[in-house]
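Kindly generate the complete structure, drawing on both the sequences and the hints.
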Amino acid sequence: MAFTLAADLRAEVGESPVWDARRGVIWMVDITARAVIRFDPRDGATRRIPVPEVCGSLALCRSGTLLVAQRASVIRLDPDSGAITPFATMAGEPAHNRLNDGKVGPDGCFWVGSMDDRPEKEATGILWRVRPDGVVERRRDGLVVSNGLAWSPDGTRIWHSDSRRAVLDIADFDAATGAIGGWRRVMTLDEATGRPDGAAMDADGHYWSAGVSAGRINVISAEGRILRHMPFPVPAPTMPCFTGPDLRTVFVTSLSRGKDEATIAAHPTLGGLFRGDGLDQGAPVTDFAD
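Residue 290, in full-length UniProt numbering, is where the sequence shown stops; the numbers in between run on with no holes.
Just so you know, the hints here were simulated from the structure itself, not pulled from any lab data. Some hints could be false.
[What the hints assert, rightly or not] Result set (SDA-like, lysine to any residue): computed pairs, CA atoms no more than 20 Å apart in a straight line: (1) K259 x H96; (2) K259 x D8; (3) K121 x E191; (4) K121 x A179; (5) K121 x A166; (6) K121 x R165; (7) K259 x P233; (8) K259 x A45; (9) K121 x S213; (10) K259 x G92; (11) K121 x T85; (12) K121 x H96; (13) K259 x A95; (14) K121 x V144; (15) K121 x R257; (16) K121 x D141; (17) K121 x G92; (18) K121 x T32; (19) K259 x R216; (20) K259 x A192.
The following block contains the structure:
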């Protein structure tokens, strides 16, 4: 199976694609360019919506609005009008951190993790749970680059990676309360197999991880085994997302920031949005329960 270019976005750090079934579009962010992007797979149309700060991830709300994770806060964005309102603040987030990967869990809350944004990174990242009433709960500490949030199809397990450490952890999850059981390490990857970036879950409970350092998508079992891997057209895929009426079309974001001139010349579509068809069926992602 080959991924093909769907949109030549030239994103600096394309991330967090989310399927909006009602509108039939994909939402994503360009983190360092401070933009939310709307892509319509029916005609290829794109639209950029500027936001005030770097934006690590986003979530689709039942109301049709979006939650956008900024440096240390979450805003609500009306994508039709462009109106922005504050929603939540991460009290206690270190000043050198920024929010990164996020996703709505089966509890209807927005889970978002932070990362040390300095060149020499330390384990200052935090995993947060943002409730529909705007209350923020601190759920995990000691992360370097929080990433790869996903849940098993039945909502009983949470998956979470740390990109800098190249590790993948799983814990039991209570969808009724958002409670997390003990974390257990299921896998350690490397540069060659692909440091784990953003991820998605398929209907069989397999974890699709963007191997950002290896130019490939890894499909991983709950036992920590790479079941298969798919080569990617550019060196730095960042996050897959299952889309379409049957959730069998995968779109994957990528980044161009930090790549040298030779790499960009060899891969001019770095930062693009890519599409793969005829793949496994994805597990649906819950909307934020506002």
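The hints, checked one at a time:
no., hint, in the structure
1, K259 x H96, "violated, 23 Å"
2, K259 x D8, "holds, 17 Å"
3, K121 x E191, "holds, 17 Å"
4, K121 x A179, "violated, 28 Å"
5, K121 x A166, "holds, 14 Å"
6, K121 x R165, "holds, 11 Å"
7, K259 x P233, "holds, 15 Å"
8, K259 x A45, "violated, 27 Å"
9, K121 x S213, "holds, 17 Å"
10, K259 x G92, "violated, 33 Å"
11, K121 x T85, "violated, 31 Å"
12, K121 x H96, "holds, 10 Å"
13, K259 x A95, "violated, 26 Å"
14, K121 x V144, "holds, 7 Å"
15, K121 x R257, "holds, 18 Å"
16, K121 x D141, "holds, 14 Å"
17, K121 x G92, "holds, 18 Å"
18, K121 x T32, "holds, 18 Å"
19, K259 x R216, "holds, 17 Å"
20, K259 x A192, "holds, 17 Å"
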